[in-house]
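**Q** Chains A and B supply the protein sequences, listed in that same order.
With our numbering, letter number 93 in the first sequence gets 93, and the count goes up by one each step, no holes.
With our numbering, letter number 115 in the second sequence gets 115, and the count goes up by one each step, no holes.
Any given hint could turn out to be false.
Stated by the list, open to error - The list that follows gives simulated cross-link-like pairs (lysine to aspartate or glutamate, EDC-like), each with its CA atoms no further than 20 Å apart:
1. Lys108(B) <-> Glu59(A)
2. Lys41(A) <-> Asp55(B)
3. Lys41(A) <-> Glu96(B)
4. Lys70(B) <-> Asp22(B)
5. Lys70(B) <-> Asp86(B)
6. Lys16(B) <-> Glu96(B)
7. Lys3(B) <-> Glu15(B)
8. Lys41(A) <-> Glu44(B)
9. Lys108(B) <-> Asp55(B)
10. Lys14(A) <-> Asp65(A)
11. Lys70(B) <-> Glu96(B)
12. Lys3(B) <-> Glu59(A)
13. Lys108(B) <-> Glu44(B)
Said to hold, decoys possible - Incomplete in silico selection of chain B near chain A, CB under 8 Å:
14. Gly10
15. Met11
16. Phe91
Simulated from the structure, these hints should not be mistaken for laboratory data.
Even glycine gets a Cβ: it sits at the ideal position worked out from N, Cα and C.
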Amino acid sequence: GAVVSQHPSWVICKSGTSVKIECRSLDFQATTMFWYRQFPKQSLMLMATSNEGSKATYEQGVEKDKFLINHASLTLSTLTVTSAHPEDSSFYICSARGDGGANVLTFGAGSRLTVL
Amino acid sequence: AQKITQTQPGMFVQEKEAVTLDCTYDTSDQSYGLFWYKQPSSGEMIFLIYQGSYDEQNATEGRYSLNFQKARKSANLVISASQLGDSAMYFCAMREAFSGNTPLVFGKGTRLSVIA
C-alpha cells in the first residue's frame with residue numbers, strides 16, 4: 001500500500017530559527033501533496049496544496065512567506081517554517097494520494113513542532 | 001458554512017458494545033467521497049473506511065461500517081464489538097470534485113473512550 005514518510009517526528013527550536021519538515025512518498029509518485037496543521041484538541045486544517053514542479057496553493061490566512069513549500073520531485077515535498085515563533089508550535093502532517101487513481105489519501109506520521 | 005459536522009465532542013462505549021459516531025456533510029457536488037480516519041494519541045491518521053457518493057451499498061471494513069444516507073447528507077460510522085484499542089479521536093472527512101486532486105476537509109472530530 002501507499003506509504004508516506006514524514007521527518008522529523010519531533011522538533012524543538014528556538015524562536016526566530018527556521019525548521020524544515022520533509023514528506024516523502026516511499027512507494028509511489030505523488031504529483032500533489034497536502035499540508036495540514038493541527039493545534040491541540042482541534043481538527044486538521046488544510047494549509048496548502050503542494051504541486052510538483054509548480055508553486056504551492058495556500059489556503060486563506062496562511063502566510064506563504066512564513067510557510068515555504070517546495071515540491072521539487074515526485075516523491076518529496078518540504079515545508080519550511082521560517083522565523084518560527086511560539087504560536088507556530090503545532091502538529092504538522094502531510095498527505096498524498098496514492099497512484100493508480102486511489103481514492104484514499106495517505107498521511108505521514110506527523111511532525112510535532114515546539115518553538116521555545 | 002461547515003462542510004463536515006460532527007456534533008459529538010466525546011462518546012463513551014462499553015467494551016464489546018457497538019457505537020455510532022455521527023457525521024453530516026454539506027456539498028453541492030454530485031461526485032464526492034466520504035472518509036473516516038482514526039487518530040490515536042500518537043497523532044498518526046489511520047484510514048478506516050470510505051464511501052463514494054455513487055456507491056449504492058453502505059461500505060464495510062471489518063468491524064467498521066458506514067451508514068450512508070445520501071438524502072440526509074449523513075455518513076455515520078458504526079463500530080461493532082468495541083475494543084479498548086478503539087479509544088481515539090475519530091474524524092469524518094470529505095473530498096469534493098472527486099475526479100481531481102482535491103484535499104480532504106475534516107470535521108472537528110469525536111473522542112471515543114472505550115470502557116472496560
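**Q** Take the hints in turn and mark each one as holding or not.
**A** Cross-check of the supplied hints:
1. Lys108(B) <-> Glu59(A): holds (18 Å)
2. Lys41(A) <-> Asp55(B): violated (33 Å)
3. Lys41(A) <-> Glu96(B): Status violated; Cα separation ~25 Å.
4. Lys70(B) <-> Asp22(B): The hint holds at about 14 Å.
5. Lys70(B) <-> Asp86(B): Violated, at roughly 27 Å.
6. Lys16(B) <-> Glu96(B): With Cα atoms ~35 Å apart, Lys16(B) and Glu96(B) exceed 20 Å; violated.
7. Lys3(B) <-> Glu15(B): Given pair Lys3(B), Glu15(B) is violated - Cα atoms ~32 Å apart, limit 20 Å.
8. Lys41(A) <-> Glu44(B): holds (14 Å)
9. Lys108(B) <-> Asp55(B): With a Cα-Cα distance of about 25 Å, the restraint between Lys108(B) and Asp55(B) is violated, given a limit of 20 Å.
10. Lys14(A) <-> Asp65(A): Holds: Lys14(A) and Asp65(A) sit about 19 Å apart, inside 20 Å.
11. Lys70(B) <-> Glu96(B): With Cα atoms ~14 Å apart, Lys70(B) and Glu96(B) stay inside 20 Å; holds.
12. Lys3(B) <-> Glu59(A): holds (15 Å)
13. Lys108(B) <-> Glu44(B): Holds, because 16 Å separates the two Cα atoms, which is no more than 20 Å.
14. Gly10: Result: violated, 11 Å to nearest chain A Cβ.
15. Met11: violated (15 Å)
16. Phe91: The hint holds - Phe91(B) has a Cβ within 8 Å of chain A, the shortest such distance being about 7 Å.
Of the numbered hints stated above, those contradicted by the structure are hints 2, 3, 5, 6, 7, 9, 14 and 15, listed in ascending order.
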